[in-house]
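K.L.:
The residues making up each chain are set out below.
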Amino acid sequence: MMERLFSKFKDNWELKEEAGALKKYFKNPSWIFLTCAPRKFEELKTTEIARHVMRSDNTRKTVRGKLKKFYNAIKKSKRSRKLEQFQYEEKTFGGVYPLMSGDNIFGFLIICPLKKSMSSEFQNIFTSLINVAIRETCKELELEDINCTVRPRAIALSTVHTVHRLMMSTLDLSELLPRVARLSLQVMRANRCSIKLVDKKRKVLLPRATIDLRKEITKLKKVQIGKYAPGRAVKHGRPIRGKNYLAYPMIDEDVVGVITLYDKLDGSNFTRFDEDIMKTLSEQAAIAIKNAQLFKEQTDLTLGSIKCIAHLLENRPHGVHRAEASFLKLITIIGLKFHMNESEIKMLQYAAMLHDAGQIGIPDKVLMKNKGLTGREYDIVKTHPLKGATILSKFKPLKPIIPIILYHHENFNGRGYPKGLKGRDIPLAARILGVVGAFESMITDKPYRKALSISSAISEVRKNAGVQFDPDVVNVFCYAVRRKDVEKLLKKELGG
Amino acid sequence: MKNKLQKVMQNQLAKEVLTFFYQNQSSLDSVSGISAWVRNERKEVESVLEELVKLGAVEEDSTGAAKGYSYTRDAKIMKIVKSLMRDV
Numbered sequence: 000m001m002e003r004l005f006s007k008f009k010d011n012w013e014l015k016e017e018a019g020a021l022k023k024y025f026k027n028p029s030w031i032f033l034t035c036a037p038r039k040f041e042e043l044k045t046t047e048i049a050r051h052v053m054r055s056d057n058t059r060k061t062v063r064g065k066l067k068k069f070y071n072a073i074k075k076s077k078r079s080r081k082l083e084q085f086q087y088e089e090k091t092f093g094g095v096y097p098l099m100s101g102d103n104i105f106g107f108l109i110i111c112p113l114k115k116s117m118s119s120e121f122q123n124i125f126t127s128l129i130n131v132a133i134r135e136t137c138k139e140l141e142l143e144d145i146n147c148t149v150r151p152r153a154i155a156l157s158t159v160h161t162v163h164r165l166m167m168s169t170l171d172l173s174e175l176l177p178r179v180a181r182l183s184l185q186v187m188r189a190n191r192c193s194i195k196l197v198d199k200k201r202k203v204l205l206p207r208a209t210i211d212l213r214k215e216i217t218k219l220k221k222v223q224i225g226k227y228a229p230g231r232a233v234k235h236g237r238p239i240r241g242k243n244y245l246a247y248p249m250i251d252e253d254v255v256g257v258i259t260l261y262d263k264l265d266g267s268n269f270t271r272f273d274e275d276i277m278k279t280l281s282e283q284a285a286i287a288i289k290n291a292q293l294f295k296e297q298t299d300l301t302l303g304s305i306k307c308i309a310h311l312l313e314n315r316p317h318g319v320h321r322a323e324a325s326f327l328k329l330i331t332i333i334g335l336k337f338h339m340n341e342s343e344i345k346m347l348q349y350a351a352m353l354h355d356a357g358q359i360g361i362p363d364k365v366l367m368k369n370k371g372l373t374g375r376e377y378d379i380v381k382t383h384p385l386k387g388a389t390i391l392s393k394f395k396p397l398k399p400i401i402p403i404i405l406y407h408h409e410n411f412n413g414r415g416y417p418k419g420l421k422g423r424d425i426p427l428a429a430r431i432l433g434v435v436g437a438f439e440s441m442i443t444d445k446p447y448r449k450a451l452s453i454s455s456a457i458s459e460v461r462k463n464a465g466v467q468f469d470p471d472v473v474n475v476f477c478y479a480v481r482r483k484d485v486e487k488l489l490k491k492e493l494g495g
Numbered sequence: 000m001k002n003k004l005q006k007v008m009q010n011q012l013a014k015e016v017l018t019f020f021y022q023n024q025s026s027l028d029s030v031s032g033i034s035a036w037v038r039n040e041r042k043e044v045e046s047v048l049e050e051l052v053k054l055g056a057v058e059e060d061s062t063g064a065a066k067g068y069s070y071t072r073d074a075k076i077m078k079i080v081k082s083l084m085r086d087v
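These protein sequence lines are chains A and B, in that order. Read in order, the letters of the first sequence are residues 0 to 495 in numbering that gives the first Met the number 0. Read in order, the letters of the second sequence are residues 0 to 87 in numbering that gives the first Met the number 0.
The following block holds chain B by itself, in its conformation from the complex (with noise of 0.2 Å):
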């Protein structure tokens, strides 16, 4: 799993948005918001988030038309990406 993460990681923009999570976890945002957090266009940010969710990183909650994207709540994956934050 650290490789995975580490590998997506490569990409800025997965960096960026993972970074977003770790540092307000508590947060919990659809697409568009979490563009303007990082700064990027929304198509990109999407691609980014289905990657990080696909690795458990990033959670997905949809109902319907609406969808939200949240930090991960297992505590193994918190873990590692609060050791690769370290690394960074």
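Extracted from the complex, chain A is given alone in its bound form (with noise of 0.2 Å):
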């Protein structure tokens, strides 16, 4: 630390500008730095005073038998810790100040040859700036220290986060697990990654993702827990460290799989300081994939819900979800054309195989009559979408897909119901809906009519545009309905 001190402040920059305001008062003297005061006279003549000069040009002239004089006025500094005036030569003077830290010498500054000796005012002065420089440096390398312990660990600790919010902001464990595959590897600079999952059944851990910057495509293999450095880390629950690899267990109450990286870029082994990085990545990591795992295992539980009450709507006995499959790719296809996202999709997808769950509260003698409908009976049909809409609100995770059920019977002319909306004021996945339920329905036998031809079908659908349907969603169903897998797998759900 002093030696540290000692050679910055040497280079002062207030230190330089005194040096030279000094040069014309006291005729160009030198400025010579010693370390440390010498013990015995014989170690200053060794001492290469020449090293610590500020100016060199005349230093071997000014040192050349004046040792044993540089020798008693250091002692004698250093006794006193004061600046302390010397005869150098019959009408020449010169000065000996320690260079103090608190109360640690660090240094010595002689200054010599002076043409006349320093007054007390000014070597007041003189002290002082000097005591100034001492302390501007320390504080320089007090901010040096900071810097060099501080940054990085700043550094560190950003990184931890930008990889936080890069591994939270998705659900899908598909997407997730080669990001913290991608995100590890940077992170640690290897070549490798490997993600596997506990399997707890069968006790083994499945490779879920690989990345190995070395080759394409790599082998996914299967590892028994207790086996390899994977296994091992998982089985013990600590990380497992070899010279070119490091298995880290992901762990969030129990061990949910781990992480294993091998062999780094710059060719070196992995350290201890590697293990405390992916300590921190690796909890992470478990946490958004438990995130992910209770996510999936939610929107199985709400798409198992819905299948179950579509289910239940099929097996009535004027049940109409026949085509469920082209259904929901033709939906979806008309949905993507309007750039709808994956999550509004995938609402307009669930609202398609529920669209008529209030059927339930309408007498199945209505539903079932072969013979066209009293006005009074048509009433009660068309309060279905209410009906619909209030069954599934108390269904928290479908309120996005009330409004669909709701309207899904406006018409485009405002004849539709229940609230006899126009145009645009209908959802757009309302009248993505209307269409493709309205064919839905028109390819269906009811009990009143025969099915229409998939043909027929459009044709009616065309007709309509602009009057029942939106004409742009009409258009675009027609691309979609058009399209050679929608046909085959119409055909194939509606037995040829």
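Honestly, the hints are just simulated from the structure, not real lab data. Computed from a prediction, not measured in an experiment: that's the story for all the values here. We put the CB at the ideal spot given by N, CA and C, even for glycine.
DSS-like mimics (lysine-lysine), calculated; alpha carbons at most 27 Å apart, straight line:
id, chain 1, residue 1, chain 2, residue 2
1, B, Lys78, A, Lys242
2, B, Lys78, A, Lys263
3, A, Lys263, B, Lys14
4, A, Lys295, B, Lys66
5, B, Lys1, A, Lys214
6, B, Lys81, A, Lys214
7, B, Lys1, A, Lys263
8, B, Lys75, A, Lys263
9, A, Lys345, B, Lys66
10, A, Lys263, B, Lys66
11, A, Lys242, B, Lys75
12, B, Lys81, A, Lys263
13, A, Lys74, A, Lys9
14, A, Lys289, B, Lys66
15, A, Lys218, B, Lys75
16, A, Lys221, A, Lys295
17, B, Lys53, A, Lys214
18, A, Lys214, B, Lys78
19, A, Lys278, B, Lys66
20, B, Lys53, A, Lys263
21, A, Lys214, B, Lys75
Restraint ranges, calculated between C-beta atoms of paired labels, are given here:
id, chain 1, residue 1, chain 2, residue 2, range
22, A, Cys147, B, Glu59, 25 to 35 Å
23, A, Arg213, B, Lys1, 19 to 29 Å
24, A, Arg423, B, Lys1, 51 to 61 Å
25, A, Lys202, B, Gln11, 49 to 59 Å
26, B, Asn2, A, Pro470, 55 to 65 Å
27, B, Lys1, A, Lys487, 51 to 61 Å
28, A, Gln292, B, Gln11, 40 to 50 Å
29, A, Lys202, B, Ser46, 47 to 57 Å
Since each chain comes alone in its own frame, lean on the hints to assemble the complex.
P.N.:
Here is the structure:
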């Protein structure tokens, strides 16, 4: 520390300014810096004084034959801890000042030859300026130290924060796991990363994501818990480190899986410091994976409930959901053409499966009637969107589909039900469902009529564009329904 | 590639950003973070980062609103940057 202070102090710009100012007043004296006080005179003789000299032009001459005088003055100033003047030559003087940081002397400054002796006022000013320069240097060093210790940690912390944000921004496991692998590779500067998740039933680790910078294709291997580095890391719940690998278990209450890194980019070995970084990374990954798994469970539960209700509807005597897969495909293609995002399309699909849920509240004899409905019966049928919306509103995850269910029987010309909304006042998803729902109904047998052929149903939809249906949606529908994959699916579901 | 990187590094900010990644190869940070490390305006740093991403010297990892930038893992580019850093 004192050596650093000494070498930095010599380069202090204020000191250089001061030397410049004194140059005229004392007729260009030399500034000689000594790192420490010599214990014996012989030591001073061997000290490479010239190395510590700020102005070396006339130093050799300055020093020659004066070492004994320097030695005595240094000894004196070391004792007094003050500036000590000495007779340099007959008419010239010199001064020695101990350089101190707190109580510690980290060097000496010898200034000579001076053409006149320093007055006590001048001595005070001179030593104050030197002390200010010392304090400045100490502060600089302190800042340097802070920068050296805090900055790398701050950078690491910022990295952890960014990794956290990137990991937590998805709940889709198939997207999350390759991302965790990629981020681990990046932060650890390794060539290969493999992520394996625990399969508790089979007591094995299943490979879920692997990235190898050196190979395009990598083999995904199952590993028994307890075997190899990943298996041992999971079994013991602690990192397993070798020269060129590091397996770190992902733990959130229980062990979720393991991240294994192989071969550092620079060929160096994995270290304890790498373990520390991986600890944070694996903890974040474990939480992100658990969240994604929980989200998937919840989504599956929601979908299961929807399928269950849809199945109940299908099994009623008038059930209509015969072409479920093609119906959902049509809905998805149209939704994508209208730039709906993933979640909007998912909600549209759910609405498609449940759009007639309100028919549960309509008497069978009305739905099963094989003749035209009376005005009163038709009024009852018209209540099904509202009834469906009321039933489904009890199920919170389905809240976004309520307007779709409620308005899917609204007509583009404003003559639909239940509210008589017109044009683009009808939500887009409800307009899409209106077209596809009507098409599905047309190609399905009803108690009061036979199913229309696909081409007749398409003509019927076209005929009603701008009246019952949104013409833009009809256009996209006509494109979608003529797609080979949709045609094939429709034929399959409708039995040829 | 070396010429292109050399040209980009004539821009003082680009040089500082690349030096930051060269010296902190494990770092993965947002635009705001990198702006703080090189003490410069966010917008300017963002455009420099985009340029370095195009050249492959910096990698971008983005998802939704979150974006992270990190040093390249391409051995060839790393070698070029190393030689440029020696020249600096």
